[in-house]
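Chains as they are written, first to last, in this note's numbering: chain A, 135 to 507; chain B, 3 to 537; chain C, 39 to 329.
These are calculated hints, taken from the structure and not from any lab test.
Since this is a predicted model, take the numbers as computed values, not measurements.
Virtual Cβ for every residue (Gly too), placed ideally from N, Cα, C.
A couple of the hints might just be wrong.
To be verified - Derived DSBU-like pairs (lysine-lysine); straight-line CA-CA distance at most 35 Å: (1) C:Lys294 <-> A:Lys253; (2) A:Lys201 <-> B:Lys435; (3) B:Lys290 <-> A:Lys198; (4) B:Lys26 <-> A:Lys206; (5) B:Lys509 <-> A:Lys206; (6) A:Lys462 <-> C:Lys186; (7) A:Lys198 <-> B:Lys205; (8) A:Lys201 <-> B:Lys26; (9) B:Lys505 <-> A:Lys203; (10) A:Lys206 <-> B:Lys535; (11) B:Lys290 <-> A:Lys201; (12) A:Lys440 <-> A:Lys393; (13) B:Lys435 <-> A:Lys203; (14) B:Lys26 <-> A:Lys203; (15) B:Lys509 <-> A:Lys198.
Unchecked claim - Computed list of chain C residues with no C-beta within reach of chain A, every gap over 12 Å: (16) Tyr114; (17) Asn160; (18) Met163; (19) Asn165.
As the list claims (entries may be wrong) - Example chain A residues on the side facing chain C (calculated, C-beta under 7 Å, incomplete): (20) Phe225; (21) Leu312; (22) Ile338.
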Amino acid sequence: MYKIIITFALLVFSSIATAQSDYNLPLGVTDISQKVYNLHMTIFYVCIAIGLVVFGLMFFAMIKHRKSKGVKAAQFHESTLIEIIWTVIPFFILIALAVPATQTLIEMEDNSNADITIKITGSQWKWHYEYFDHDFGFYSLLSTSPEQIANTKEKGVNYLLEVDKPLVLPINKKVRFLVTADDVIHSWWVPAFAVKQDANPGFINEAWTRINEPGVYRGQCAELCGKDHGFMPIVVEVLPEKEYQQWLDSQLSSVLLAKEKEQQDLNSGMTMEEAMTLGEQVYLSLCAACHMPSGEGIPGAFPALKNSKIALGDVKKHIDIVVNGVEKSAMQAYGQQLSLKKLAAVITYERNAWGNNTGDLVQANDVQQPANK
Amino acid sequence: MSTLVKNNNKKADIDDFDHAHDEKPRGIMRWLLTTNHKDIGTLYLGFSLLMFFVGGAMAMVIRAELFQPGMQIVDPNFFNQMTTVHGLIMVFGAVMPAFVGLANWMVPLMIGAPDMALPRLNNWSFWILPAAFSVLIASLFMPGGGPNFGWTFYAPLSTTYAPDSTALFVFAVHIMGISSILGAINIIVTIMNLRAPGMSYMKMPMFVWTWFITAFLLIVAIPVLAAAVTMILTDKYFATSFFSAAGGGDPVLFQHIFWFFGHPEVYIMILPSFGIISTIIPAFSRKKLFGYSSMVYATASIALLSFVVWAHHMFTTGMPLAAELFFMYSTILIAVPTGVKVFNWVATMWRGAISFEVPMLFAIAFIILFTIGGFSGLMLGITPLDFQYHDTYFVVAHFHYVLVTGAIFSIMAGAYFWLPKWTGYMYDERLAKLHFWLSLISVNILFFPMHFLGLAGMPRRIPDYALQFADFNQLVSLGGFAFGISQLLFVVVVVKCVRGGAKAQEKPWDGAEGFEWELPSPVPYHTFSTPPKVK
Amino acid sequence: MSEKPINYYVPSQSIWPTLGALGLLFTVIGAGMSVQQLGSNSSSGGWILTLGFIVILVMMFGWFNDVIDESQANLYSEQMDRSFRQSMTWFIISEVMFFAAFFGALFYVRNIAIPWLGGASNNAMTNLVLWPNFEAIWPLTTTPDGVKTQAMPWHGLPLINTIILLTSSVTLHFSHIALEKKNRGQLTIFLAITLVLGISFIMFQGQEYVEAYQHMGLTLSAGVYGNTFFLLTGFHGLHVTIGSIMLAVMLFRVIKGHFTPENHFAFQATSWYWHFVDVVWLGLFFFVYII
Ligand code: HEA
Ligand code: HEA
Ligand code: CUA
Ligand SMILES: [Cu+2]
């Protein structure tokens, strides 16, 4: 019975593992990831081999040396020689494994001579990418709809592995990542690159990759970071060099456009209706994770905004909290993350939704002062 | 085996000079006030079984939520609490107390001592546990919920960003620690000081040896955990910044402190298993344990090495290269002494006269499945590979193989092995066999596919997952439910055995050795008031 | 192993352990609630905590009373005495590890975290990007986020305290010798001096804290220098306090005429504990104050 189970398990394991499959480590698209894959397979086979020998002997004993077959137990219970042998052999196997592992590791930790530097900042629960050499960056958030998560809509192919704005990288360039976090520890992981680096608040960790093939690669946050740890995916779109350059240029110019737009928003006000619609949109995508779509928060963890003193009280205070956050708490400073118009809208929304009928309409202009302080 | 003849109630080395004591006290007070190592052992074992079910029920919530993609029955915050408290309860409430229970029952019997060295302290160690766990479990029902930061409670998720109830978590861990330390001191002193005359250290039964070493690990490791939670407390409530860069601290410092405790902790949960297996394998192979002294040295080297490998849990935290290399080498080195143990067990079986009663079945399953868990541990120990495996279900698979099919299976093995001695009755062999086979099959359906999930990229501690993980998760959940239900059988067997059954002989297993088998079954309330003679 | 006496005393049922567990339960709930209620004006936690302490005190009193009675009734063999001594040794070792963890934290922040924040090792970018104005020095008088504090000098109170504590170890040793020589007068006097020295240590330490908080800006929220300083000296101070209580109990028992040259485990344990606390202080004085 044992034998059947184990052979079966081993068979399944090895047949699945030999082929590149969905159930094994991905081979990946970088030289490093392929080295890691090969190392993984080597060690896997070494373990299988040792397992076969050890369990094989054990099953042999279980079959041949059974009391029910009338065998009498032997008396030996020591043998220095054999004990030395089976101490030394594993030791050498380990050395044989450690050598390639060390080489690969040294290579992985060599962050020098990068062509492009990207600063990656994790925060609850989104990633911020900054193109270090260009002073340009953006947030990347889960784009799977709440309905799909709540099972009321059919799930798409990339369920939970899709974002509104992926990180875009070129092939064949050494890309250096500077990984850090704003609040708790996150971990930036893309299996196809064999890069997993913890994002520690207050420290910068470095990692690098050089991607061989264009494509879209997906990963997930790999360190428990609170409630929505399962909902902060990573998507990297890798483009041929030329296309990458085009993309970058278009992004840089749209940054300029956005700045202009901001100026316009300052002068032209929103109607209540506009503000509420935009506000709701922003609220649901950014704030609802903690304060809940109903505005009721999670008592003991995240305060309710419905009927809250802040949302019903002084507008200035409300603006201040949203723009500058609350130090030493999960409430981030949204001043850097949202445009003035969106800030105004979401504050308006919070002051008028869920029965918070203050009637206040906040305009981009009102938000401007604290945002720039 | 089990030739179930009538008990030939011959008096062995027990004596009866203290008649006033041999009457067992009755009622609830017996258990509350007891100083008897057997009673306390029973209390520990009962508590641990209860906690296994509580922690198991939480695992069932986890598995039910993960049965399908999409959020099903709990919200993410509660899911995190389930994961966290499941881990905490299983580690501190199920496995450790079970081992302490076995030590309480068996160590004095095996070394021929009248009781533990400090019987009152022993009772205190036990009764702290229900207090600690009621606080921990109660915190789940507080506003904001209970601990939701993983059983490893990494800062600053467990400080600045933690729920209000964290203070209760911290103090509960403190008193659990007190309980463990006092228990460990008691066991060490009992072993050092109460052995029967003539029992030198190198004549002690393996189970006693492994517990002796485990107790050292406890004494050295647990205070470090106490310090870690203390710093969490001050960081959260008293504005210190041990784990915050803004004040000159470092979140990774927490991980160093935690794992300096945490890694020895995982060996605390496996060394006594090694002892149990080293007791059972020779008994049913009817052959002496192969390589007794190398077993002792191997256990000691595992214990020593366990203090210099902690950062293998932290390869992705951005340590300098030299540190990563050091911890990789020291980690994989542990395979050598552990291998010695596995090989010695196989050599013990080699040319023995093996029979397959339930304790032996569990022991054999232990050897195979623990080794599989050890292999995946070895893979995790290779730093460049850990970059891929870390914080995925591959890790979850690894540690459930060493913990469930390792620690838990060995506890089951031990329980079946000694039940006749404790209760005086044989357990129901048919039901027990059923329990074994169902457990064996379902546990592999439960944990084996987790390797694939991890390799394919499923992170751990997530309440919902991408569609490509759906099939395996469903299988895993089904295995989980089956394994959970199978454990109800264990309870049935134990209850039946306590209530009655075929009378157990003094020595129901013909290959077993040791003082405990020279005592009648069930063991009298007081034993070895006069120490037995070592042959 | 030496010859084993026939009878190892196994106490009969006892209420104290269970009561102790109950006391701990109240303490934990009370302490947890008090901490959560910090800054608010509810005080229910404090009351439960007090109740917990009272229960534990009653437990200790009752338990030790039983033990002392049993000991005085000569129920304890030499072997039991050995058990007690070994237990105390292991307990102290666990305490050593508790302090070791805090010392470890101190070494880590001094030699790793702060240099890294200042750009050492593989953390050049940490300094450049996140903390450009931060300079790695120890004692950390300016934290990365700019909180300023002063370092505690080693001369002055700490030096006096070192001398006090060292002297107290010596006087305690003298009183132990006196005990073994059956010189009850010397025993009592030296023990009393030790206790007085212990209490003065605590008072000076308190004064130092007041100084730190009121005049130096050295507080719990002043960054890791203050954190390691207060937690290490604080836990040490707590241990001195416990040690002093133990000394007081011993003094009381000595006056009552307890202890013989052969049988004085409690005295021995107290003295070990005191020496241990002394050694920790030396480590503290060296690593926290001097370097
Ligand atoms: C009982 C508990 C137990 C035991 C015994 C072990 C044993 C081992 N563990 Fe495991 N481990 C855990 C419990 C345990 N572990 C837990 C709970 C976690 C997760 C914690 C968390 O994050 O929540 C963990 C996580 C964990 C990690 C971190 C993974 C990550 O988070 O990225 C690593 C990495 O190195 C590791 C390694 C090992 C190794 C090398 C062993 C070795 O001791 C194994 C040695 C055994 C063998 C190798 C098999 C037998 C040997 C032979 C047959 C000889 C010949 C073999 C060779 C030469 C290969 N473990
Ligand atoms: C010794 C320790 C131990 C034991 C025995 C177990 C036992 C089990 N564990 Fe767990 N586990 C851990 C230690 C342990 N675990 C740790 C340390 C973690 C990490 C926590 C963290 O990430 O912080 C973890 C995490 C963990 C996860 C990952 C959670 C996540 O990352 O989000 C999962 C998921 O499947 C899991 C499942 C199980 C299951 C199904 C069992 C089963 O073996 C349980 C079987 C027992 C029962 C089911 C109880 C008995 C039966 C009943 C109660 C009757 C009712 C039955 C039904 C309704 C079916 N465990
Ligand atoms: Cu971010 Cu997990
Ligand atoms: Cu480990």
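- Query: Are the Cα positions of lysine 26 of chain B and lysine 203 of chain A separated by 35 Å at most?
  - Reply: violated (45 Å)
Does the alpha-carbon distance linking lysine 206 of chain A and lysine 535 of chain B stay inside the 35 Å limit? holds (29 Å)
- Message: Does lysine 206 of chain A sit within 35 Å of lysine 509 of chain B, going by the straight-line distance between their CA atoms?
- Response: Roughly 20 Å between the alpha carbons, so the hint for lysine 509 of chain B and lysine 206 of chain A holds.
message = Need the status of pair lysine 462 of chain A, lysine 186 of chain C: alpha-carbon distance at most 35 Å?
response = holds (19 Å)
Report holds or violated for the interface hint on isoleucine 338 of chain A, using the least CB-CB distance to chain C and a cut-off of 7 Å. Status holds, d = 4 Å.
Going straight from one Cα to the other, do lysine 435 of chain B and lysine 203 of chain A come out at no more than 35 Å?
Holds, at roughly 21 Å.
**Q.** Closest CB of chain A to the CB of asparagine 160 of chain C still more than 12 Å away
**A.** Answer for asparagine 160 of chain C: violated, closest chain A Cβ roughly 7 Å.
Item to complete: Quickly compare the C-alpha distance for lysine 290 of chain B and lysine 201 of chain A to 35 Å and report which way the hint goes.
Response: Holds, at roughly 15 Å.
Taking 35 Å as the top limit, are the C-alpha atoms of lysine 294 of chain C and lysine 253 of chain A close enough? Not satisfied, since the Cα-Cα distance of roughly 73 Å exceeds 35 Å.
Query - Distance rule for tyrosine 114 of chain C, whose beta carbon must clear each one in chain A by more than 12 Å - result: At roughly 41 Å from the nearest Cβ of chain A, tyrosine 114 of chain C sits farther out than 12 Å, so the non-interface label holds.
Straight-line Cα separation of lysine 201 of chain A and lysine 26 of chain B no greater than 35 Å?
Judged against 35 Å, a Cα distance of about 41 Å means the pair is violated.
Distance restraint between lysine 509 of chain B and lysine 198 of chain A, which requires alpha-carbon spacing of 35 Å or less:
Roughly 26 Å separates the two Cα atoms, so the pair holds.
Hint compliance for this structure: hints 1, 4, 8, 14, 17, 18, 19 and 20 are broken, all remaining hints hold.
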